[in-house]
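Trainee: Now for the letters of each chain:
2 protein chains.
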Amino acid sequence: MTSVSRDTQAGGCCAPRFSVSIPSHPLDPLSIEEIPLAANLIRQNAASDRLKFNCITLHEPAKAEYTAFRSHTGRRPDRRAFSIVIQGKQSPRVSEVIVNLTSRQVESWKDLANVMPTLTLDDLDVTEQIARNDPRVIEICREIGITDMSKVYFDAWAIGIDERWGFERRLQQALPYYRSSRYDNQYAHPLDFSVVTDTEAQKILSVDVRRVNGERTAVSRDEHNYLPQFIGNSYRPERLKPIEITQPQGVSFRMNGNEIDWAGFKMHIGFNYREGLVLSDIRAHDPYGQRERMLFNRISVVEMVVPYGCPKPPHHKKHAFDVGEYGSGLMTNSLKLGCDCKGAIRYLDAVLPTATGEASIIENAVCIHEEDNGLLYKHTDFRDGNVISARDRKLVISQIITAANYEYAFYHTFTLDGTYKLEIKLTGMLNTYPLHPSEQAAPYGTEVARGIDAQNHQHIFSLRVDPEIDGPTNTVVQSDAVPSDEPVGSEANPYGNGFYAKKTPLRTAKEGATNYCHETGRTWDITNPNCLNPVSKKPVSYKILNNNCAPLLAKPDSIVYNRAAFARKSLWVLPYRDNELFPAGRYVCQSTGKEGHPHNDTILDWTNRDEGIENTDIVCYVQFGITHFPRTEDFPIMPAEPVSVMLRAANFWQKNPALWVPASDVVRDVFSRDAFEKRVDSAQRLENAKL
Amino acid sequence: MTSVSRDTQAGGCCAPRFSVSIPSHPLDPLSIEEIPLAANLIRQNAASDRLKFNCITLHEPAKAEYTAFRSHTGRRPDRRAFSIVIQGKQSPRVSEVIVNLTSRQVESWKDLANVMPTLTLDDLDVTEQIARNDPRVIEICREIGITDMSKVYFDAWAIGIDERWGFERRLQQALPYYRSSRYDNQYAHPLDFSVVTDTEAQKILSVDVRRVNGERTAVSRDEHNYLPQFIGNSYRPERLKPIEITQPQGVSFRMNGNEIDWAGFKMHIGFNYREGLVLSDIRAHDPYGQRERMLFNRISVVEMVVPYGCPKPPHHKKHAFDVGEYGSGLMTNSLKLGCDCKGAIRYLDAVLPTATGEASIIENAVCIHEEDNGLLYKHTDFRDGNVISARDRKLVISQIITAANYEYAFYHTFTLDGTYKLEIKLTGMLNTYPLHPSEQAAPYGTEVARGIDAQNHQHIFSLRVDPEIDGPTNTVVQSDAVPSDEPVGSEANPYGNGFYAKKTPLRTAKEGATNYCHETGRTWDITNPNCLNPVSKKPVSYKILNNNCAPLLAKPDSIVYNRAAFARKSLWVLPYRDNELFPAGRYVCQSTGKEGHPHNDTILDWTNRDEGIENTDIVCYVQFGITHFPRTEDFPIMPAEPVSVMLRAANFWQKNPALWVPASDVVRDVFSRDAFEKRVDSAQRLENAKL
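Read top to bottom, the protein sequences are chains A and B. All residue numbers for the first sequence refer to the working numbering, where the first residue is 17 and numbers rise by one. All residue numbers for the second sequence refer to the working numbering, where the first residue is 17 and numbers rise by one.
Treat the hints as calculated values from the structure; they're not laboratory data. Hints are not guaranteed to be accurate.
No copy is singled out in the list; a pair is fine if it fits within one copy or between any two copies.
Straight-line alpha carbon distances no greater than 30 Å define the calculated DSS-like cross-link-like pairs of lysine-lysine that follow [claimed, not checked]: (1) 671 x 328; (2) 282 x 257; (3) 526 x 610; (4) 553 x 571; (5) 167 x 328; (6) 79 x 282; (7) 68 x 610; (8) 257 x 410; (9) 68 x 126; (10) 358 x 257; (11) 410 x 437.
Remember, predicted model here, so these are calculated numbers, not experimental data.
Just chain A, same shape as in the assembly (with noise of 0.2 Å):
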């Protein structure tokens, strides 16, 4: 994303413009030219001339190193690659290497046993092609009198857990589907079998057909489609006028490489194959010291799980880590201005490692642009009639993924309150399956249309927020609004009406997994507890919002429940420590959650050492999401679904921090008690006019 951006202005139709740099910031992701050296001197260094990347990304400096160079004490770090790599077929071996791109070195090679990296789009993709053409997959489509197998498709997804393989296959499941031309939805046609892949082996090792009294399931003939070419002509263009919005004098943002400067935020845009977008130094200037002050080290979505809730098998097996298993990065959609975003856009592209350790590259991966955000703040002294108010902005950076069905559209924003939020939109297509005459598709699901059920299932994201409130050490408080602890009547308490935030700081890793809570509207500060606001004299702090915080329903020892342990809490606050990142492992694929892997630690590893968590380097983990009972409305295509957390200033300033934004126009008198006089006379003089 470093080596190539391009701007775009609403209305616009300017040429793309390139422009290639190399990367200035030690945080910028790997450029086209670091992509293929590295690949090279891990060639060198392998046994094996049968080499598969995984990934190759850039392996972020050890943050004692990076904050020193911040800070002008230390040199700048080496520049640095990490690459998963796969070499043989048949059992695959998985290997970690590190190299000095600086250097021209492989710093480190690592075997590992008993994990399975990310599968990649290469990986997707083979799924299809052999499914497709494997007897009997084709003799079972024949029995429900398919015959033309160029209208079978088949989505990839991983496969969690299937029971008949472990780590000597690399595994993938295969849903099936129908399409009657070219641009039908194939989700209108699921089909009623499921097939198990070995992506290394490229060969099919189970056909799964599913029987219902012994019958099959015929598939759905009826069509449902989206698509312009098929339902252009009920479009309703006269009812909705356009709305223009421009930027006549330019965006309020600068940028240097992958840095920006907006409004008074700075903060380093990075991006890699896994987590997608990552946020890093993020820090603000305080109009009242005239001095920058650190909010946030580093802010990225690290993991997300997908668990469906019905028990029938294969439905077990349907619970995707959109990250670890996908690779947010890898699924990033190539954005369209008036399609994606409006206004006046800056585009960043992404550049990503193809299996054979090329650069490829994603146009358009990143969209960076301001909106009007709606009143800022407004007050009428009722007395004079003084109008002020100032009008808020917004901050987006965002990216857009297809996970197979669903899409997820990721905007992280920033107000001029100060306030960070994540909002994720819901879209794309619902998973479907298909409904046997004799069955019905609750409680598990929705009949959605004639014969298709979509199953209810869970999206439960994990927010990695490596916070430094004015500075490294922080702790994170609790905080319970509760009734006074004393009865109504007593001297503390006569009338009853007091409340107050009950604070609790988190000690230890295993206090810190903690839940939220409905009737204490519990909220989360990140304090800095060496850093008193000089006003409130309370600990600085950004306080976590987070009540879209759905439960994980899948019960204790379930598959997900194993695999998908992070998401069983709100939030988890662990000590910082260098390459520790990924909640449900660094190897999701076919992982079992279990604890003590040597090399796929999870957040039950790190918790369970209970380290202290206070006044020290932390790290939350902030899972927010929605469960999803899928409704008539979302079928054929889903209208978009908002959730989000955010992450406010709470006595950090010692007042407002946005009084530098000049107000809207200052109205007087309209409010006034002279207005109000005047306003009687005007309906008075309407009545006599119309007489």
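Given chain A, work out where chain B should sit, using these hints.
Mentor: Just chain B now, with coordinates in the frame of chain A:
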């Protein structure tokens, strides 16, 4: 609001264009002709000529009468006014009058006991004048060094309950502040006493001085201002470049009087002195049956309460009911383009009565506009690179009120997926109180500036939804997301991943009084059990999504717990009755909340009847809001904090109701296998170009 309307287009500066019309719809607010007509008819029937009009407002037709008219089976309802009049000074007598404006007759005149109606702006105005001139007040101001009484200001508040007086007097409390110059922020200089006034007798009943260890608290002389004349030199206009939002072809909605037609939605926009905005007859075009379907009969915010959490007197008396005690309509701001809203705006004026029975106009009381709302839906087919997306649109009908220090902006919004959302933005000024040097603000408040305490408080709103989901007979079904009842390993739940929505119909009013549950992500489906969705075979429904519902923190038996009983539950469901609107009573000022009041029934009385609410005409009261622990960032003026509640279609339409929205440009081949190869090529070309 019927009487006067005005168009304004962004960027344009057309002169105001008034058009005067006679109410043409039975739900139109009283016009500038009807208010004085009603007043005259009332005067002719009054015993005394010392009559004060507390309100003169539309007496809405009975539902049966109105729906008969609407369905062309009954005649047009007569126009009627409802008025509350106050006679006498020492012991004010309150009467309710209904006037038939069509037949020009007073139809009913009822004298009430033990009730106190809403405080009008006239009522509130009295307090500051008499307090400022009272010798006791002058003396206690002098004690803390204040001699210029023109610099002392009094915010008049409803009093809640003060045990020293009852219904024999119409009471207010006044909270005093000091201003060091004309436009100085008074909330930076709160004073340490409060005043109780009798507004009818126009006298001070008590001056309550707080002494801490026998000492007065000095007034803070620190200034904390926010108006441009004080802080304009620290504005940084260069940081934010303009964002222009225009609709060159005009807006997408059409209005006929107070009826609006937008993107398939139709409704009537009403307004009155108490609720402010009232949306009625909300219906939607169903593209799949080419018919109009009823959604909601009437939606409005019927109450709110703001209990403060500091147990020390006099703060227990601060729990404003801004709708019932002050009137959202009466406190409405006159709005301005570019300050309150951006884009192409249609404003509506409001017509309100004065104490002497005249009509007065608030210009631009209601703002109607559209906004781009980001992605409506998107899907990329990863095989063929087909991308489809469409953009969502919002219709926003809004109103902003000033309640002394606080501002509330109400945004009633509709989006293309059929969703109704009420978003409220809270802004304005914190209520403040001086800290004595021996005191600290914690735990019941925050020191937001040196010596200035801003106390914990809540804002709990009551949204009244009179649903008519495909007809008048509806049932609310509680929906809880729960794991399967079967254990892991059982035949019905072998892998433990099963979960479903447990549905519990609410059958009686007592069952209908229910709370949100986070653990089950509780929602409530307003269903029509008589209309099954032909696809899902489930009753058609709209779902109440309300997880922003801060529980009332005042203890049982506290004053506010009794007076604001409505705030004890997230949801109440009751059978519909004409004129049953206000859950804290029609007369909230000085109310005790005791059950069984002959003229002031509350939601407790309605619930105690425990009538059936299944498959009948029902009304839902949805409580939502926030608990506010003030932050230094909220001073001297608060950044807007949003809170919202939603009603979302759930198996109401047969499929996505927004497929008529034209897709944005369809993009091909950006995500396909071919495109991926191209990305590699383009990276290589770039690299070659650099060599």
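Trainee: Can you name, in rising order, the numbers of the hints this structure does not satisfy?
Mentor: Of the numbered hints given earlier, the structure breaks none, since each of them holds.
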